[in-house]
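Protein chains in written order, with my numbering: chain B, 1 to 373; chain V, 1 to 268; chain H, 1 to 555.
No wet-lab data here; the hints were simulated from the structure.
Fair warning: there could be bad hints in the mix.
Here are the simulated BS3-like pairs of lysine-lysine, each with C-alpha atoms no more than 25 angstroms apart in a straight line [as the list claims (entries may be wrong)]:
#, chain 1, residue 1, chain 2, residue 2
1, B, K114, H, K161
2, H, K294, H, K313
3, H, K123, H, K294
4, B, K139, H, K356
5, H, K466, B, K45
6, B, K114, B, K139
7, H, K410, H, K128
8, B, K114, B, K146
9, H, K161, B, K100
10, H, K351, B, K139
11, B, K24, B, K45
12, B, K313, H, K198
13, H, K401, H, K412
14, H, K497, B, K313
15, B, K114, B, K24
16, H, K401, H, K313
17, B, K146, H, K356
18, B, K100, H, K356
19, B, K100, B, K45
20, H, K128, H, K198
21, B, K188, B, K259
22, H, K462, B, K313
23, H, K351, B, K265
24, H, K401, B, K313
25, H, K470, H, K410
26, B, K100, H, K294
27, B, K24, H, K527
28, B, K265, H, K412
29, B, K259, H, K351
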Amino acid sequence: MRALRGTLPKALSIRGVSRREFVKFCNLMVATLALPPRYLSAVEKALTQSTRPVLVWLEFQDCAGNSESMLRTSNPTVAEFVLDLFSWEYHELIMAGAGKQAEEALERVVREHKGEYIAVVEGAIPTADGGVYCTIGGKTALEIAKHVCGSAAANIAVGACAWDGGLVRANPNPTGALGLQEAVPGLKNLINLGGCPHNPANTAAVLVHYLTFHDLPALDQYSRPLFAYGNIIHDQCERRAHYDAGRFVEEWGDEGHRKGYCLYKMGCKGPEATYNCPTVRWNDGTSWPVKAGHGCIACASHRFWDTKSPFYKRLPSVPGFGVDVTADEIGWVATGAVAAAMVAQVAGNMVRDKMRAKKAAEKASEPLDSRGA
Amino acid sequence: MKKTRRRDGHEADWKRPAHGQVRVYVWEWPVRFAHWIMFTTIVSLSITGYYMHSPFVIPHGRTAYVMGTMRFVHLLSAFAFLGAILIRVVWMFIGNQWSHWDQFIPTTRKWLKDFADTGRYYGFMSWSPTPHIGHNAMAGAAYAAVFGMAFVEILTGLALYSRVLGSRTLSFFVGWIPHVVDIQWLREIHFLVMFGFWMFFIHHLYTAILVSIEEENGLMESIFSGYKFVPEHELREAIAEEAGEESEPRLEGIRANPVGGQSTQSRV
Amino acid sequence: MARIVVDPVTRIEGHLRIEAQVEGGMISDAWSSGTMFRGIELILRGRDPREAWIWAQRICGVCTMVHALASVNAVEDALGIEVPDNARLVRNIIAATQTVQDHVIHFYHLHALDWVDIVSALKADPAKTSQLAQSISNWPMSSEKYFKSVQDRVTALVASKQLSLFGAGYWGHPAYHLPPEANLMAVAHYLEALQFQKEFIRIHAVLGGKNPHLQTFLVGGMATVMDPNEPGATVNPERIDFLLQVAKSAQSFVNQVYIPDVLAVAGFYRDWFERGEGLGNFMSYGAYPQGSIKDPANFFLARGIILNRDLSKVHPVDPANVTEYVTHSWYEYSGGDQAAKHPFDGETNPKYSGPKPPYEFLEVDQKYSWLKAPRYQDQPMEVGPLARLLVAYASGQPDVKALVDATLTKLKAPPAALFSTLGRIAARALETQLLANRLTGWVEELGNNLATGNLRIHNGEKWDPKSWPKTARGFGFFEAPRGSLGHWVEIEDQAIKNYQAVVPSTWNAGPRDARGQRGAYEAALIKTPVADPDRPLELLRTIHSFDPCLACAVH
Ligand code: HEM
Ligand code: HEM
Ligand code: NFV
Ligand code: SF4
Ligand code: SF4
Ligand code: F3S
Ligand SMILES: [Mg+2]
């Protein structure tokens with residue numbers, strides 16, 4: 001049995017992790033990435049290489065939810081990522097250096113690792129009014145993004161904000177916020193990991209994939225990895241049997257809710273959403289929103305804040321009517337109006353017939369089939 | 001045998017035309033076939049669709065499969081509906097003059113005038129409806145709207161279906177739609193257009209009944225039998241008008257029999 | 001006399017910039033600026049109040065859920081909704097879990113490196129380190145072998161010449177006083193805490209579906225349905241067991257690792273009991289209702305105000321006295337920027353008037369921040385764990401009083417020592433201990449309700465917007481990890497007309513007001529020594545002691 005080489009195996013052995021467990025871990029990565037088993041050795045090799053790729057994590061108009069989410073990863077753990085797999089040289093939330101020293105660290109990466117490092121971006125980028133809505137060290141987010149992402153080997157946009165502007169870009173988008181790919185067009189090797197926040201299990205898999213192949217996994221038309229965003233929540237959901245049966249939660253906390261019925265009528269957007277929450281779940285596979293009792297809000301869908309809200313209604317409110325007016329009401333009222341009009345017509349015709357009969361009696365000879373009076 | 005007493009004293013039944021009328025084969029079988037398929041599928045699509053929108057049945061028993069069934073029936077009906085529309089659209093080009101596409105869109109001066117006349121009639125500004133062998137300009141427009149709505153439902157429906165199905169081939173044709181109009185809005189449109197059909201339906205029944213009473217031309221029967229009764233002079237006008245055009249062949253479509261005579265045609 | 005700038009201030013949430021005037025090795029004046037604005041208050045307008053919490057929660061992903069809680073509280077207050085007892089319990093459990101986890105992460109991953117010199121850990125003797133660890137705690141992971149392995153890991157890191165996150169630290173700075181062994185122990189606990197936080201937060205996954213950004217809040221209660229015999233229910237006996245077990249593990253970590261570490265570090269930095277004292281005004285809205293939320297008397301953490309460090313008197317809190325200034329903030333008020341506005345009449349009209357980026361210095365005599373300047377009866381207030389602890393202490397809450405006094409005697413320090421940089425750190429640790437210990441109690445109460453068939457989790461009377469008045473206004477509050485959080489909502493025609501959030505870090509990190517009064521950070525920095533203006537470690541210590549969150553502060 002080959003001895004463990006490199007930093008991760010060392011780290012693992014320090015934590016009393018045997019070679020068997022290490023291989024198990026590699027297997028898990030291969031599985032998450034939906035790779036054929038023959039890639040196992042490649043993954044192993046990548047995880048045991050001695051010089052680590054450089055990674056910088058940029059925060060712009062964010063809430064740090066994606067950084068926090070990253071702290072929750074388990075395979076590998078954030079400690080393994082930071083100490084053993086990458087050289088995580090810039091990340092405002094947790095880096096040691098501050099101010100000038102932090103800015104220099106970032107500059108050094110761009111200077112000394114041009115075209116080699118990975119740039120992770122969290123948060124939207126304001127483009128209105130010269131970008132004054134987000135500055136770091138006196139420079140605008142837009143400037144920094146162009147500078148840093150422009151010369152990265154790969155760019156990873158984590159979370160809805162970095163992908164498509166997310167919440168920050170929601171109507172009326174007060175700061176002209178955009179996602180990375182729109183704010184800095186033409187970036188090479190860009191991958192979007194939507195979600196609010198991103199699920200770190202997927203991000204971990206993407207990073208390991210990059211370590212292994214120095215390349216990104218297969219992407220969809222939004223540059224999102226198919227392995228994570230290829231399937232509809234609704235088709236993987238544990239409540240789906242209840243949906244097909246027609247068993248729905250009618251009111252929060254009712255019997256159906258306690259029995260785990262389908263949340264469709266409470267506005268669940270699972271039928272519209274693609275993501276792998278039901279299979280990967282969150283926080284070490286502990287749970288996911290629908291399992292916990294609340295509908296999905298399609299947080300990994302494009303521009304979901306505007307396109308999928310209001311979240312407690314199955315469908316959006318029709319523009320031009322009040323927020324509380326549903327499409328049903330509009331439809332029924334309109335149909336009713338037509339019916340009423342027809343009733344009025346019937347009445348009108350009865351009257352007309354009577355009058356016409358009188359006229360007919362006066363000049364009976366005239367053929368009534370032709371044009372009326 | 002059902003008899004109707006006409007205002008000019010003559011008697012007529014729905015097979016034998018009354019004095020001064022000829023019996024004309026207006027709605028060929030594909031038109032009628034398509035018509036009734038459309039009708040039945042729209043009814044089932046509306047019921048199942050409305051359920052999918054807001055499930056109104058509370059199922060009992062562990063084996064219930066209400067939503068599943070509704071969706072299945074909806075899709076089945078959907079494709080029947082789609083077929084009917086296709087047949088009818090094809091027939092707009094190969095069918096007789098009254099099934100021709102130009103019957104639906106008021107293009108010519110005459111059509112526009114007729115549109116106005118019909119409008120005046122429904123607005124109680126004239127005594128009797130304008131007589132027609134096919135349908136009047138306004139009905140034509142309403143029917144055009146029907147085909148328009150059908151087109152929207154099919155497009156949005158197929159787009160929704162391609163998501164449900166996740167099929168590459170289908171999404172090749174309609175997959176682009178959700179990227180132009182968000183899936184939520186596709187559903188909204190798909191749902192709202194349903195009421196459009198309901199509105200048409202109400203108006204349509206009303207006019208069909210009204211006109212068949214007023215024109216006493218067996219219109220209501222025509223959508224079953226295909227035949228209408230029309231005053232001879234009108235048929236002549238129609239033929240003369242058609243003769244003016246080069247599109248002769250469609251005249252074959254018309255089978256008329258002389259005053260008082262018996263139909264030589266076996267009815268379809 | 002030099003102007004120093006720290007931007008970005010790191011190991012905090014968000015984009016904070018500090019400009020400070022240094023004279024004779026000491027800070028003579030300081031300006032705190034938030035440099036990122038999103039406009040979430042504007043984005044919320046016109047939306048369904050029932051889902052406001054989903055949006056508001058995204059104000060921050062570090063103190064995730066606190067804005068969700070304040071938001072549902074505000075809407076419930078506006079519509080006069082009383083939530084079922086179970087909902088109150090679940091909310092307390094979620095909130096306490098958040099605060100405990102937030103405080104642990106703050107101490108180990110955001111603050112520790114101001115006191116701990118990682119590189120010095122290389123010089124440590126694992127055996128001595130083991131003795132030190134065992135002398136202060138009976139935490140099992142304290143063997144020589146263990147500390148050796150951690151040291152090896154650090155050595156490997158340094159040898160690789162890729163120091164990763166630790167590359168740009170101020171290692172070797174004269175202000176670091178810990179002996180190598182203490183540094184090594186701290187590094188070990190830094191890594192353990194990383195492991196702890198993600199295990200512990202699974203409480204949120206169970207009760208919220210995920211963390212960050214939980215998804216089970218509801219106006220009127222919670223979506224976490226309870227049922228003793230339904231596996232499909234969010235809360236069932238098996239989940240209660242899980243929650244209890246995780247909560248207990250938190251107790252041991254806090255009592256055996258966090259608290260001893262804080263006391264140890266404090267022992268080596270006693271001079272920081274006299275630094276960074278700041279405003280001397282402290283406010284707490286009170287939090288963790290143990291009965292009706294309308295009656296602060298039953299709150300686990302008391303409500304009140306302390307003025308000018310006078311612990312003999314606790315003043316009442318009336319939300320009507322809260323206002324915000326924009327005199328030095330990049331906004332405009334209708335009716336002039338000199339007058340303050342109460343959040344119910346609050347306005348958010350961004351108008352940047354600062355220097356054109358890229359810039360070197362802000363125009364600190366004019367507008368210089370995206371934060372507004374909150375005031376209580378025109379007084380600036382410090383909020384946060386220290387404020388809460390002092391209010392509870394001064395109002396004679398027995399458990400708090402006992403704990404604080406015991407700790408102060410351990411540290412041989414008078415209560416006045418709490419008004420300081422270290423005071424904030426100690427208060428945060430003690431609060432963590434109080435909450436970690438209380439947490440299990442709330443889980444047990446929830447378990448009892450489950451057992452006794454009290455399953456009600458949501459009050460649906462006002463769920464249908466048609467049952468609402470044409471207009472309504474409400475105030476929602478919580479004591480978030482960083483302090484007093486308030487959301488003010490105005491509803492009209494079933495939609496949000498105006499939404500205003502006044503957030504802990506807005507109180508602490510805010511700029512000056514119309515009368516030129518400094519915010520809490522600005523005040524606390526005065527007289528802070530700066531040995532080396534190029535590496536202002538001491539400045540970071542005082543700023544970090546507040547646990548800044550700028551995404552919260554500006555939103
Ligand atoms: C007169 C024609 C039709 C009517 C009135 C109709 C009505 C509806 C309604 C009301 C819904 C529910 C919308 C919602 O609230 O989500 C629906 C869903 C749907 N319809 Fe139709 N529809 C029609 C034609 C079609 C056609 C031609 C297709 C083509 C395949 C189609 C496929 C679908 C699909 C796939 C769904 C979504 C089902 C699901 O979400 O699982 N429909 N339809
Ligand atoms: C939603 C259901 C229906 C739809 C969408 C519909 C649609 C149409 C269309 C498009 C036509 C024009 C014939 C053609 O050129 O294809 C038509 C004609 C007609 N339909 Fe319907 N129809 C519906 C239901 C009915 C029903 C229930 C009846 C009667 C019981 C009816 C009676 C007629 C009659 C009498 C005509 C001939 C009217 C004329 O000559 O202008 N329809 N219908
Ligand atoms: N300040 C703040 Fe928060 C907290 N604790 C908010 O209420 O951190 Ni993001
Ligand atoms: S995507 Fe969500 S979690 Fe991530 S920064 Fe934006 S709001 Fe926060
Ligand atoms: S809960 Fe949501 S995702 Fe699950 S089946 Fe019902 S609708 Fe689909
Ligand atoms: S809301 Fe987001 S977390 Fe998953 S369940 Fe829906 S995609
Ligand atoms: Mg505010």
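Hint-by-hint comparison with the structure:
Distance check on the hinted pair: K114 (chain B) and K161 (chain H) sit about 18 angstroms apart at the alpha-carbon level, within 25 angstroms; holds. A distance of roughly 23 angstroms separates the Cα atoms of K294 (chain H) and K313 (chain H); the hinted pair therefore holds under the 25 angstroms criterion. A hinted pair counts as satisfied when its Cα atoms are at most 25 angstroms apart, and K123 (chain H) with K294 (chain H) does not qualify at roughly 56 angstroms. This hinted pair checks out: K139 (chain B) and K356 (chain H) have alpha carbons roughly 9 angstroms apart, not beyond 25 angstroms.
With a C-alpha separation of about 62 angstroms, the suggested pairing of K466 (chain H) with K45 (chain B) is violated against the 25 angstroms cut-off. Restraint check for K114 (chain B) and K139 (chain B): the C-alpha separation of about 20 angstroms stays at or below 25 angstroms, so the hint holds. Our distance criterion of 25 angstroms between C-alpha atoms is met by K410 (chain H) and K128 (chain H), whose separation comes to about 23 angstroms. Note on K114 (chain B) and K146 (chain B): the hinted pairing holds, with a Cα-Cα distance of about 13 angstroms set against a maximum of 25 angstroms.
At roughly 21 angstroms between alpha-carbon atoms, K161 (chain H) and K100 (chain B) fall within 25 angstroms of each other, so this suggested pair holds. This hinted pair checks out: K351 (chain H) and K139 (chain B) have alpha carbons roughly 18 angstroms apart, not beyond 25 angstroms. This hinted pair checks out: K24 (chain B) and K45 (chain B) have alpha carbons roughly 14 angstroms apart, not beyond 25 angstroms. Pair hint K313 (chain B) plus K198 (chain H) does not hold up; C-alpha atoms about 33 angstroms apart against a cutoff of 25 angstroms.
Proposed proximity of K401 (chain H) and K412 (chain H) is supported: the alpha carbons are some 16 angstroms apart, at most 25 angstroms. Annotation: proposed proximity of K497 (chain H) to K313 (chain B) holds, straight-line Cα distance about 20 angstroms (limit 25 angstroms). Proposed proximity of K114 (chain B) and K24 (chain B) is contradicted: the alpha carbons are some 35 angstroms apart, above 25 angstroms. For the hint linking K401 (chain H) to K313 (chain H), the alpha-carbon distance of about 15 angstroms falls within 25 angstroms, and the restraint holds.
Distance hint between K146 (chain B) and K356 (chain H) is fulfilled; the C-alpha atoms sit about 18 angstroms from each other, no more than 25 angstroms. For a cut-off of 25 angstroms, the pair hint linking K100 (chain B) to K356 (chain H) stands: about 20 angstroms separates their Cα positions. Note on K100 (chain B) and K45 (chain B): the hinted pairing is violated, with a Cα-Cα distance of about 37 angstroms set against a maximum of 25 angstroms. A C-alpha spacing of about 30 angstroms is found between K128 (chain H) and K198 (chain H), which places the hinted pair above 25 angstroms, so the restraint is violated.
The suggested pairing of K188 (chain B) with K259 (chain B) is violated, with an alpha-carbon distance near 48 angstroms, which exceeds 25 angstroms. Distance check on the hinted pair: K462 (chain H) and K313 (chain B) sit about 16 angstroms apart at the alpha-carbon level, within 25 angstroms; holds. For the given pair, K351 (chain H) sits about 42 angstroms from K265 (chain B) by alpha-carbon distance, which is inconsistent with the 25 angstroms threshold. Among the hinted pairs, K401 (chain H) with K313 (chain B) is inconsistent with the structure: their alpha-carbon atoms are about 49 angstroms apart, more than 25 angstroms.
At most 25 angstroms may separate the alpha-carbon atoms for a hinted pair to count; K470 (chain H) and K410 (chain H) exceed this at roughly 58 angstroms. Proximity of K100 (chain B) to K294 (chain H) is assessed by CA-CA distance (about 48 angstroms); at most 25 angstroms being required, the pair is judged violated. Using a Cα cut-off of 25 angstroms, the hinted pair K24 (chain B) and K527 (chain H) is violated, with the two alpha carbons roughly 56 angstroms apart. Restraint check: the Cα-Cα separation between K265 (chain B) and K412 (chain H) comes to about 61 angstroms, which exceeds 25 angstroms; the hinted pair is violated.
Using a Cα cut-off of 25 angstroms, the hinted pair K259 (chain B) and K351 (chain H) is violated, with the two alpha carbons roughly 52 angstroms apart.
In this structure, the earlier hints numbered 3, 5, 12, 15, 19, 20, 21, 23, 24, 25, 26, 27, 28, 29 are contradicted, and the remaining ones agree with it.
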